[in-house]
Amino acid sequence: MRNYLIAILSMLFLITANRALSQQKIIIDGSLTGVREGAHISLMKEEGSVGRQVTIDSIKQGHFRLEYTPEDTLIEYYSVMSFDDDFPSMSLKIWAKAGHPIQIQGNNNLVYTWQVKSDLQEQQEWSYFIQANKADWDQFQQLTIQRKGLIETLMDDQAEPEKKNAAKSAVASLDKESDSIEYKIQKNNLALLEKATMTPTKLEVLNSVANQIKWNHADSFTAPVTKIFNNLTPALKNSIYGEKIALALFPPQTVKEGDPMYDTDLTDIAGRPHHLADFKGKYILIDFWSFGCGPCHASVPELKEIEQKLKDKLTVVSLSSDTKSVWKKATDYFKMTGNNFSDGKEDRGIYAKYGVQGIPHYVLITPEGTIQSAWTGYGTGSIKSKIKQLTGFTIDD
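Just so you know, UniProt numbering puts 126 at position 126 of the sequence shown, and the rest follows in order with no gaps.
Rather than coming from a laboratory, the hints here were simulated on the basis of the structure. Treat the numbers as computed from the prediction; the structure is a model and nothing was measured. Among the clues, some could well be false.
[What the hints assert, rightly or not] Derived PhoX-like pairs: lysine-lysine, alpha-carbon spacing no greater than 25 Å straight-line: (1) 328 x 353; (2) 345 x 45; (3) 329 x 45; (4) 60 x 25; (5) 45 x 353; (6) 45 x 148.
[Claimed, not checked] Simulated restraints, written as ranges between beta carbons of each label pair: (7) 192 x 89: 21 to 29 Å; (8) 390 x 89: 32 to 40 Å; (9) 74 x 233: 17 to 25 Å; (10) 333 x 74: 39 to 47 Å; (11) 393 x 240: 35 to 43 Å.
Here a beta-carbon is modelled for each residue, glycine too, at the ideal position from N, C-alpha and C.
Go ahead and model the full structure; you've got the sequences and the hints to work with.
Next up, the structure:
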């Protein structure tokens, strides 16, 4: 009898312990059909514009399971995606919290429209808008898969010119078709939002609609989006997505070549205040960058060399668009010791004033504080070449 009681108590202890352990984890169970056996499924933790893979599984007999122990108990953004070639270059947006299990179902590799079952309101609201446009999003995803193959041809140094030209033309055609589909999707989302009570999640959907105004000149959206925006609570207006929508509706006046430089309150990673005006008297090279940007990574050694060899004539000022936590990781990763600042607005503050639409982006300012030149993109030696062209300074020994 005593041994029997010990066995029962041991079982109860194990059940309780396992339940407590599962409540500390984010657990996502996926059930799929029509997807290749062995395909890799990743869970990404989203931090601003940067995603970090936190776990990965492969599909076995139509199932996958993703488990991750978060650092806190908040509801946070994640995404489920596959980097495999036969998947779209899109991800399934997930709101997750430890102790709230998530189930995913799908019948193809079109991950963005897989169905998500969750008890979190944010997930339910987001999934409503995705499923309301499922057929169009599925078509959109198919086009991204086709586009990936064409881009590989364009990047292939061994591909014949005729093949590259054909791929370039095909990409342009696909992009035009994709833009048309997304316009249709966001038009439907706008109609749904006009009848909805606004929440932070629905505000993110509204931001996607507003991006059609910003990037694709969908002027017919301007009046209804403005009406919704004007009726937002102050808290929603001042949120990240509220500020993004405001920038789409009311673009700030940007500074251009020949204008005085725009300045604002900046801080370094320790929180100390700085301004661009602190460096007047020498040329200033502003480097707009993010930890999630591959070319930005590649440019770091060249920027450090320029900073070292031209320190008496030119100052490099790096401005991060990342969240504080990602910026800190990047600072440690690159061992950055120079002028490494942020305005805390990601891409909504000084980035918007300088009209930054792609990174890395560079702005050269004269010693008097006038914008001399601005350009986007990086290739080996390109910054040195540009600096020499604009100032006459030679960086190489």
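Tested hints:
The hinted pair formed by residue 328 and residue 353 meets the criterion: a straight-line CA distance of about 24 Å does not exceed 25 Å. Taking the CA atoms of residue 345 and residue 45, the gap is about 20 Å. The hint holds against a cut of 25 Å. Using a Cα cut-off of 25 Å, the hinted pair residue 329 and residue 45 holds, with the two alpha carbons roughly 14 Å apart. For the hint linking residue 60 to residue 25, the alpha-carbon distance of about 22 Å falls within 25 Å, and the restraint holds.
Pair hint residue 45 plus residue 353 does not hold up; C-alpha atoms about 29 Å apart against a cutoff of 25 Å. For the hint linking residue 45 to residue 148, the alpha-carbon distance of about 23 Å falls within 25 Å, and the restraint holds. A hinted range of 21 to 29 Å for the beta carbons of residue 192 and residue 89 is consistent with their spacing of about 26 Å. The hint said 32 to 40 Å for the Cβ distance between residue 390 and residue 89, and at roughly 36 Å that hint holds.
Taken as a hint, the range 17 to 25 Å holds for the pair residue 74 and residue 233, whose Cβ atoms sit roughly 21 Å apart. About 25 Å separates the C-beta atoms of residue 333 and residue 74, a value inconsistent with the hinted range of 39 to 47 Å. Restraint check, residue 393 to residue 240: a C-beta distance of roughly 39 Å satisfies the suggested window 35 to 43 Å.
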